[in-house]
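Given chain A's structure and the hints, the job is docking chain B onto it.
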Amino acid sequence: MKNLRLLSLALGLLIVSCEDNLEENPQSFLSSENFYNSEEDAEAAIYSIYQPWTKDHSRNMYIMNAIPTDEGVPRVGSSDPLDLYEYGPTHGTITEMWSLMYSIISRANVALDRIPEIEMNEDNKKALLAEARFMRAMAFFRLVRFYGDVPLILDPTVDMKNVNAERTTVATVYEQIIEDLEYAESNLPDPNNTEEGRPSNLAATGILARVYLTNQQWSMAAEKAKEVIDSGKFDLMEDFPDVFIPETQPNKENIFVMNFVAGMPGDQQWELKYYLPTEIDDAVARGLGRYVPSKEHLYDTYKEGDLRRDWTMWTSFTHEGETWTFAPHWHKFMDYATLNNTDDNNNDIPLLRYAHILFIYAEALNELNGPTEEAYEALNQIKRRAYGENFKNESSVDYQDLSQNEFRQTLYQERKWEFAGEWIRWFDLKRTGQLIPVMTETMGFAIPERYLLFPIPQREMDANPNLVQNPGY
Amino acid sequence: MNSKIQYIFSFFKGISFYLLSCCFVIVSSSAATKAEPYLKNVGIRESFPFEKSTNIFKNIKRNTAQEVITGTVLDESGLPLPGVNITEKGTTNGTQTDFDGNFTIQVASSEAILVFSFLGFEKQEIPVQGRINVKVILSENVAQMEEVVIIGYGQQERRDVTGSISSISPEALPVNPVEAPDRLMKGRMPGVFISQNSGQPGGTTTMRIRGGTSINAGNDPLFIVDGVPLDMNAESSSAGVASGGSLNPLTNINPSDIKSISVLKDASATAIYGSRGANGVVIITTKTGVAGRTMINFNSSFSLQKVRKTIPLLDATEFARYRNEVAVKSGDEPIYSEQEINSLGRGTDWQDEVFRTALLQNYSLSISGGNEKTRYYMSGSYTDQQGIIINSDLKNLNFRVNLDTEVTDNVRVGNALTLARTNSDIVNTSTATSGSASGIVFGALSMDPTLPIYHEDGTYILSSEDDTPNPVAHALELTNEVESTRLLNNLYVEFDLTENLLFRSAFGINLLDNNENYFKPSTIYLAGSLRNTARVGAYQKEHWTSSNTITFNSTFGETYPQSLELLGGITIDEENTEVLRAGASGFPTNDLKYYDLSSGTVFNAPQTFVDGWNLISYLGRANYTFNDKYLLTASARYDGSSRFGAGNKFGFFPSGAIGWRISNEEFMQTSNIFSDLKLRASYGKTGNQEIGNYGSLSLLSTVNVLTGDQARTGIYPRNIANPDLKWETTDQFDVGVDMELWNNAISITADYYKKTTTDLLLNVPIPWTTGFSDALVNLGELKNEGVELAINANTIRFGEARLNLSFNAAKNKSEILNLGDIEPFFVGESIIREGLPLGSFFGYVYEGVFQNEQEIENSAQPEAQPGDERFADLNEDGRINAEDRQVIGNAQPDIIGGFSGKLFYKNFELSARFNYSVGNEIYNETRRHLESLSGSTKNQSVVALNRWTPDNPSNTIPAARRGRPGYFSDRYIEDGSYLRMQDLTLAYVFPTNLLEKLNFKNIMIFVSGENLLTVTDYSGFDPEVSGYGQNALSQGIDQDVYPTAKTFRIGLQLGF
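Quick mapping for you: the protein sequence lines, in order, are chains A and B. Residue 51 in UniProt numbering sits at position 51 of the first sequence, with consecutive numbering throughout. Residue 979 in UniProt numbering sits at position 979 of the second sequence, with consecutive numbering throughout.
Isolated chain B, as found in the complex:
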């Protein structure tokens, strides 16, 4: 009860802080406005840095020859066009129209020419000719779409792209993104599977582009943030001290800073990344300033988060009766007397005690602008997120400075810097990652409901009779923190060597510093000792990347205009990691936590570990277009990685692609259906080097042992060396079509692809009789084949309302083609076997419940008892053993995708985004222990009420009894298909006249909800689940995972 009051209190504290800070911003900015005339009088104005185009000063004419031009931009139907780019010709001076199509620009003279450009509209040049007010009508562009997409080591106009690339542009992003960029991508891009692994604030996601290409090597796409690779495998970036959750590296990127996200999918696009391209590449670029346009944006939001659902469990009375039944059946005395049962009532609802309504606050401030020479974008953001499990949270501080400047006419220098600091309290949830039963979610579900949280004297009840720890005590008392500092920096210099030769050299660094702290006080120590235990760990990673490229660019040909772009370069990457761990136990007091290890009485052996790898690459690409009709791309990368055997360090990854813009052919000119139609096809090779280091070498491990009362160090071989270790190679064929119909009212992109991965880097389980459990080999083939479709309906109008719709779907089928001479092998309950996709669950087929002795006699389970589970004797040999297992489900979805819509009406914007997954199955391991029905002190799901008894001859739920062998069967496999409303937002944009009075460029308030609606048959917390995090072999397993939240949010966006 006490804790609930605390939540309510902290809720009000949170919301009042939020409202206060919003008021502060509004009041202080309008105060600044009011103070402006006085400031001017006392001469402070000149020092005000945002003077050039801030609205505040727009009425003040400077003593130069400059003219102020105002105006409105409309489309052909007379509706205002927001976001139109206006530049003064021959300069970098520019601005944009506001929401009502209005603009103000200062020009050098009354003879200036203004250039109006807007995506999807014809560019127009308007001479000012002494006017101070201009009204411009832009007509929609039929032929061209000048959208630029980011590709590897460069950018390209969308119409010239021959590869398969999906991208999100800023317009598509939510009004006020809060969570990591991967969440923004969900459901927007065909063929990009994104699943949230856990609801821990800052928890990881699993991302697969066109299915996983590998069995044991990495399956995560390569992330490049402003030119610097960001390692997505969070599990590997840990000192191994804090347990129970990894932080998503993308938490370090402020989503408000993102300018674009490009996903490179086919080999033509990814081969330029060679050995790291096989799983696709995600390129994130961040914002830069616009010359002559100072922008200050303040975003903030406040959210409430709740668990999506809870699992119905037995209450104390039901639980006591259930346990009595099992005890009596086993010949023991009843555990609870009738009198005791009557006094139990509902007992403790442990889920209620562990989950909470959590608060999430987010503030972000950015300033951008620049002049002809220099542009800047600076931002800072702060997020304070409580988790929906008590005592889990995340505090995140992000800073960014992006700076680009022209040193001379032909030399440009720029830098993008991110500094992020994250403090996180992690609760141990999954039994899979914690390796023990101390997971909080496990505890919330399994803890004996007849027990209270506290003894009468106020101390914790530590555990149930069978050692399920008290989840409240463990969540609240255990310290399990990760403090993470990330620095991402990329410095580049560009020389225009000649008019069409550009040299670019970039040096990037990615530093990660994780401090992990763990303290278990003696007050919650379970059996063993009264010792408190503290551990600290430091994980340090530095990855530096250097790239040097030369680009040749030329257009030529009069009758047949042609363009040629050639790129060549060298890149070097090196990564080093260091781990340090220390620990002690037996502290005289719990007060010192982990702050003074030397005060302990028993010391763990300190551990250090260093590790590293590097990569040297040569790359090249040619893009050629002929007459705007025929497009040709060829690229290649020659990569050397330290991770492979001496003779196999280098791999060659070529690709080629062709495109045909049919819409530019003569015979299409008469058709007015297609404004653009392009066919493209590509083929290429990419590689995968995401294995551990040193796999080709024969290394030794050390262990501590004790003989003669002395500590000794033992040394033994840790692996079977594989000097022939080499690249895993993925061949990908892609054919696609891009079309725009009816003046780009509808655009459609469709792709078919087939990827075959050979020489799979496989960690094959080998018999323990060798002394090893597995060996790393190159073996076997894996195929992914699929189709993707994306349809966008751009700007449908109903009177004053405008509507944008988009839809995408992707179907992928993966299959292991062969495993060489290796036997099928198991990873947990999944089988890896030829002809099957990864993630195939392998187990017994449940056929119901034995009703009587006669059924048992005639069955393959002669030792069963009535009420036991009955399994199919698949090989009909009259007994149930390992031979009776078969594939009983698959974790990979058949079809994934999403759809979204955005409706503009007057000053309102309503947007909704859905994503869906069809045909995947989930192994609900949580339910397996909630329906174990063994009569132990672990609580059971309400399903147990329907268990078989002689009076309740259920054929679905077996009887409760001790010691039934725990067969893994399809009883625990569930359909994981779902349709989810990821996001629903209603925003109100303040009208121009009001803004002018308030002196703001932009004010928007919004309410939104995340995860509000999910349609699924899945019985667990959430169908988006992975108890084993990003592990490719153990997807779709729900094992007491931190449940995802649903979120209600209000927010404010201010632009000055």
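In isolation and in its complexed conformation, chain A is listed as follows:
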């Protein structure tokens, strides 16, 4: 009997074990069922978009925009297939660019899907939706230029149905980009109410100008550029270096930037680390010297008196009486305060600045009507500043009396000098039809046509049977 009592006690304990325990209760994760309820949730959804935007962003953009052009070369002795024009669909940067852009698109799509249901201030809601659409447009704008036709994904993925999207034509993708940017233009706050790193309504206008210029819709490009110019919110900085150094950021020239502060959470700005020459003593400057500009095709092409060359690149450095000299290295995003601590520095990276608007305006006007007075003024403002003149006043360095084609070619040259190291060169060469001829001349052998587009990453080709590779790869 005693045994039976013990047994029943034991069995009693067993039965207490309840199966409710099998319910999962993740404590370190939020669940999407009980999120997206408040204004803070909506903002958090928007902030998440900036992580893939800044992650390895500048390096990837540099590698794809500078290395396969006449502007940059990897360091001596390196063998990056992009530099040698031997790259294919397994290249790491080409692969990462694709995945990061679609992360932006996916997070923007989640925000666009969930935020409308949230009860919150309607103006703020519209602004956040506009921001998501702006960022989505930025990602597609890059994708469509790098890869051509790409899957146009506008809804969040919530299950395994229809995950294998097909490519959408470039024209359709551009329609969506323009629609998103137009929505952003009408609903984003003005620059006075916009933080560093986030877009304003005029940033959307400026990017629209750039999109139209890329598509050679000259009058629309000119119109949008003019809107930015006429807004009076932006202007050139008087001195070229002040655009880039942390001490004078934010500033009136930068319209849209990537925001960095040393020591803050989030992705780190790493320009200096990769650009600083290894020749300088490690105790003074800690650089990898990994990406260097081309001496022959960039440094030596600047004209006498152009001050941009020596801010964009440097060839020597003196510190406490010691001097190091080296081949031209990038210097544009210099932050002397963090020279020996280049894991992160303070420079915001400009993605759209007023000078760019002036260039768009000048180019579009020239294409429409030849070099008009306004076109000259826009281009000359940039040149005056480059030569140390007051950009507001007519100057002896001004361009004048150019034919339409001369103006066009001159403007292309000026863009190269102005934007060197700012991840624009490959886009420019491709947009203006110069990529194959310029690179054939630079490389010394015929560049095949296929390089007008980057390949779709092999990993994506393997995962998605509905994708067709770009021709030639």
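Where hints are given, some of them may not hold.
To be verified - The list that follows gives simulated cross-link-like pairs (lysine to any residue, SDA-like), each with its CA atoms no further than 20 Å apart:
| hint | chain 1 | residue 1 | chain 2 | residue 2 |
| --- | --- | --- | --- | --- |
| 1 | B | Lys373 | B | Leu491 |
| 2 | A | Lys55 | B | Ala711 |
| 3 | B | Lys306 | B | Lys1046 |
| 4 | A | Lys295 | B | Ser330 |
| 5 | A | Lys161 | B | Leu697 |
| 6 | B | Lys395 | B | Asp352 |
| 7 | A | Lys252 | A | Tyr36 |
| 8 | A | Lys161 | B | Pro824 |
| 9 | A | Lys55 | B | Gln710 |
| 10 | A | Lys392 | A | Thr372 |
| 11 | B | Lys306 | B | Asp352 |
| 12 | B | Lys329 | A | Tyr85 |
| 13 | B | Lys783 | B | Leu1033 |
| 14 | A | Lys161 | B | Leu699 |
| 15 | B | Lys754 | B | Val787 |
| 16 | B | Lys329 | A | Pro81 |
| 17 | B | Lys89 | B | Ser109 |
Just so you know, the hints here were simulated from the structure itself, not pulled from any lab data.
This is chain B only, laid out in the frame that chain A set:
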């Protein structure tokens, strides 16, 4: 040079410490013996705890009615039988014969009856009848073998087993095991694949029983140590702070404590473990004391370890010429002038600087014994192992207390406790696990040989021109430690409810506490900043398991004896983990290392993470035997796991098996070939729940971003929810035969099995356009089919010599049967595709080297240059692209196995154990970068000397040039078959007369070697390799892995 002196110094220090400690033990124990008469005189004897049967006191007669009986046990040929169990009938009093067959036992009276039993021999009962000396001859048992094997939630006599179970008994274990139990199992059990992933002290092994059953869920067998599950997936038990290696959880088990290891292979044996049984189950039990027999054992050994081989590389002069050639070819100036080259000589041999002769010391002490009511086994062990790479090591301290006691006649309580503490310095080796080029092995192979270790001022040269870090500096200066504390405890209580009803309740806990510390001083900081960086992390896991079972046991039937065992029970498991990480950088000095994070200037965001899962199970089993001929087993488990979708939490896993002991049939009685012959067949289902938690839910991730100079938290979906997530199920059919021939002179076990896994838990890569990289689904089928054979020749005699031999082999073929509508996908360089086994390497087919422009024009690679690699245009479309890849190798072996032999001659024992693997291929990624021939500052293998040049038209090694696209081809796939002498040991057992003089029960000295001989064509460090650790999808990839060592060992075993 300096460091070499240090090694020599530490070697002598180590060996002298070892010899000293051995002397200490011998001297102190013989001193105790000598002191014994005096102790007795002053009355201390009574307090001496080992009094009852320690030899020291055997001549002293107590003042009771007890008698001391001595004697000898011989076999029929007159040879002494060691290890025979002798018990006094009706009591738990007992002893064993020593090596010469001698025994001494105290019995209650001169009327006592002694029972002599020994595996493979007939049991004998001898009445003492007043004698004080007994000579017994045991005859070999023809019919029965009473070996007991451990099965799930119980044990069974081997002859009644209907499932497929391999086991190692204590006799088969090496004389003085040092390393983790998985190493002991190598090559001993058919169908059990064991491969050492890395040579890091305490490094992990990959174990597969009858092939892997899963693609993305776990493939590791379930380990049960004294009733408590031990998670074998070491990679998951980390705070993620220390990088570059995980510790093998089995390091926490002192191998000298192991009593038996059982491997349950077929569904009949594993279905009782239901959802965790699909990959097989390994049950380890540890020793218990024997009543009336106090045993003190001291084991120690001292080993030297060396890298098995080094990779021949270019020396400085050859390297400089190679780089010059590439530079000139690219239109640059030569990098080294002729004068510089002439002064280079051989340069630095970085492998020589990084590898060392390492010392390994091991001490283990155990005491066991007990009385009628209580038995105990206690042990402590200490291992101090240097790694063969500088600054890697492992210090391991293990304690065990096993206690069993009878509270009343029908209630027993027991506890098994293990406490283990491990301190390990890990060097980052594999580029796969470190994710960067700072791996030490990578550095040792790739570092520029023209560079010295130090600048002239004595500071380190930090890196080569292309940022390969100085491996010596990184190995020595980086702190990368794991301090691990493990507690395993299992408490049980057993009630005999009635004569044949037993209730058992057990509660076990497995606690793991890992502290990880990382410090990178500013002296080795590569580009970036001068900042030093410190990180600390804590990983805490608690797993508790509660099981309650009732067993009914009965034998009945007169004419047809039958037995029935019924088992029913409920088990509950719960596991919770917590991770905490913190870090800082920019410390004013390197002296504080990670000890004062607050003195840093920049702080990493602290991170915390908690996680958990649980399992509730109902289980049952019936074993029925009829007339000792027909055996029947049925078992089932109903398991509920938190990890699955709301409607799919529970799974049902039944199994059934039949056995037929043909040897007991009438018609076999005339045959004297078979002493035992049993056919068995089983079928059942098991499951797999080894996926991450929360896969069925839609969760969000957080990220830190910066806008407006402010830190912001972004939140976004982290996965695609799968509310239908359910069990992965494995169906297994097994048919086997167990036979014993000629009075058990030879025993043979053979099995055929077929396992089909359905609803595979698959992490399918999906297009990035979804915003996700993969999704967890149940999809597809995987098959494993194979045969296993084990043959043992038991005790072959040649005069005075005895020889035991065993051999096993297993062939397994795995195949992915279908993947539903999912496209074939890639994991690294491996493809997952229907019709292929896992581990299929997929790449281009290398056809040699382009010799001239004409060959290029006629080829599918018009942009190639002479000297470039030529690949097969498989689809003949005139170009080489992704469509020209095919399966170029497979990491899974066709046949694995091992053989071993043990020879006894006089007082010598010689044993050898071999294991082998046939037909597996290795992707030698290390060689891929050692033969990249790109002219960078990374060193190359000597193969580069044979590179193509116009004057050396090689058709195997391409030319050196910059920027050749890095195609993955079969050029890097090698045959990984090998035959390895895992272990060779020569032991000398001191003869009895000498032992008596020294007052020891047993003294054994031995020398042994591990890994002394390996026959293989593989060109890398070692054919047993896994750069990705236990990852099932990336086996057989050699990526700068910590090489395995060969070991020379001397050791001593003392028994009191």
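- request: Hint by hint, work out which the structure violates, then give me just those numbers in ascending order.
  value: 6 and 7
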